[in-house]
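Full structure from sequences and hints, please.
For the protein sequence lines, the chains are B and U, in the order given.
Be aware that the first sequence starts at 0, since it is given in numbering that gives the first Met the number 0, and climbs by one per residue.
Be aware that the second sequence starts at 0, since it is given in numbering that gives the first Met the number 0, and climbs by one per residue.
Rather than coming from a laboratory, the hints here were simulated on the basis of the structure.
The model shown is predicted, which means the values in this text are computed figures rather than measured ones.
Only pairs whose alpha carbons sit at most 30 Å apart, straight line, appear in this in silico DSSO-like list of lysine-lysine:
| id | chain 1 | residue 1 | chain 2 | residue 2 |
| --- | --- | --- | --- | --- |
| 1 | B | K151 | U | K24 |
| 2 | U | K18 | U | K41 |
| 3 | B | K49 | U | K41 |
There are 2 protein chains.
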Amino acid sequence: MEKLFVIKIGGQVIDDESKLTKFLKEFSLIRDKKILVHGGGKLATELAFKLNVPQQLVNGRRITDEETLKIAAMVYAGLINKSIVAKLDANQCRAVGLCGADGGLIQAHRRVNADIDYGFVGDIDAVHDQFLQSLLESGISIVVAPITHDGKGQLLNTNADTIAQEIARSMSRHYEVQLVYSFEKSGVLLDAKDELTVIPRIGPDYYLQLKEEKKVFEGMIPKIDNAFAALRSGVSSVLIGKAEELTDLINNKSGTKITND
Amino acid sequence: MEKLFVIKIGGQVIDDESKLTKFLKEFSLIRDKKILVHGGGKLATELAFKLNVPQQLVNGRRITDEETLKIAAMVYAGLINKSIVAKLDANQCRAVGLCGADGGLIQAHRRVNADIDYGFVGDIDAVHDQFLQSLLESGISIVVAPITHDGKGQLLNTNADTIAQEIARSMSRHYEVQLVYSFEKSGVLLDAKDELTVIPRIGPDYYLQLKEEKKVFEGMIPKIDNAFAALRSGVSSVLIGKAEELTDLINNKSGTKITND
Chain B
0 MEKLFVIKIG
10 GQVIDDESKL
20 TKFLKEFSLI
30 RDKKILVHGG
40 GKLATELAFK
50 LNVPQQLVNG
60 RRITDEETLK
70 IAAMVYAGLI
80 NKSIVAKLDA
90 NQCRAVGLCG
100 ADGGLIQAHR
110 RVNADIDYGF
120 VGDIDAVHDQ
130 FLQSLLESGI
140 SIVVAPITHD
150 GKGQLLNTNA
160 DTIAQEIARS
170 MSRHYEVQLV
180 YSFEKSGVLL
190 DAKDELTVIP
200 RIGPDYYLQL
210 KEEKKVFEGM
220 IPKIDNAFAA
230 LRSGVSSVLI
240 GKAEELTDLI
250 NNKSGTKITN
260 D
Chain U
0 MEKLFVIKIG
10 GQVIDDESKL
20 TKFLKEFSLI
30 RDKKILVHGG
40 GKLATELAFK
50 LNVPQQLVNG
60 RRITDEETLK
70 IAAMVYAGLI
80 NKSIVAKLDA
90 NQCRAVGLCG
100 ADGGLIQAHR
110 RVNADIDYGF
120 VGDIDAVHDQ
130 FLQSLLESGI
140 SIVVAPITHD
150 GKGQLLNTNA
160 DTIAQEIARS
170 MSRHYEVQLV
180 YSFEKSGVLL
190 DAKDELTVIP
200 RIGPDYYLQL
210 KEEKKVFEGM
220 IPKIDNAFAA
230 LRSGVSSVLI
240 GKAEELTDLI
250 NNKSGTKITN
260 D
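Now the structure itself:
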């Protein structure tokens, strides 16, 4: 099977122009088929502040009210998505920027939760893999904004990590998928404050041990859990590491590889 | 040749939820291939006001400084474009929302003007018609936001009427193109204040006469000039009329038809 990279880029990299530029240059150099999924960065929060739209967080998760959803659609699917596409094109990497509503790409439903109303937050039901495949086969790379829809006309806000994972899972029917979580850190670290303590390889047993010894810091746990879930559902490999070192990361020269064995 | 509708929808219709809903329903019912080009509406101006970004107008044209460009990308390519796509999908009309940077769709250059610096305003050089064609042939309708790019990583603000015209012209190599300017009025009116004075048909001679008699109101002149230019460059017909009466408009039951004979 042909290789496909599904690469998530984290918010802090998007906020840093020089890091983003370096990342996009390295992304453009990948000769295999590729999909970029981007998060939001600080821009949405800043815009909400300027517009006096209060941001509610419950258990670290943002509540997406109607005004916050509009801001997310503007910032993620508009400004960030199109800026990335234009920059990729300048790097001779032809790309198309999509959100989950485009071509019915990602069908979701509004999150059901008995205790908390998360507002316009979408949990994913299905990825329209044939649509992605036909674009990729025509030689176009794809840039996905973390906005989905419910098929009834409602846009929804969806976590970019989850989108990357669901796209990777769904595309593993057609390609040998490498899922990459790239962000500001060098990989999964033994000491969250020391960039030199990258763990090069984590299998299921070692992960259990790390969690028991509380050596994996909180923010990484959902990422690694997602990574193992992706591997179980057909994704070939999951890499976690620094966005500006994308080439090294996908060549296993830096970062952490999550593996099933 | 197969028929293709290129339909521009004006800003005031976008601002009116019930008119927009009716328009999108009628758009979804068109069984021929179709492209929707949308303008911006009041939303961008309102957002600029809320964010204290002063809007400069020179000769009725907005100067697009860096902050205004960001607002345009957010509002046009983000919120409006994706909301339309999600609503079309709910009407069983699968669509993909693009700006001119996506897939290298519309290549433009920053406007050169000795007297006025319009800022980040793009004049169109080329439309990537094969990309549009391949999407249309796969059964997807296209929604285009009035944002272009210069191929060097810079997004640009471009008039939606001009985008519709350039897409129509370029696609007339592959399809029998019907260019439709739909907006809040019933068509070209003899009396701008009386919706019952629609001129059903305007040819070149009659247009000259109307202009000499100053019977065409100012705002319509660039639209009609564009219409004749489109006809000269291969577009089959140009229709101008009410967005909420789209079905009647494209069936020549309402509105104004601009014709070369």
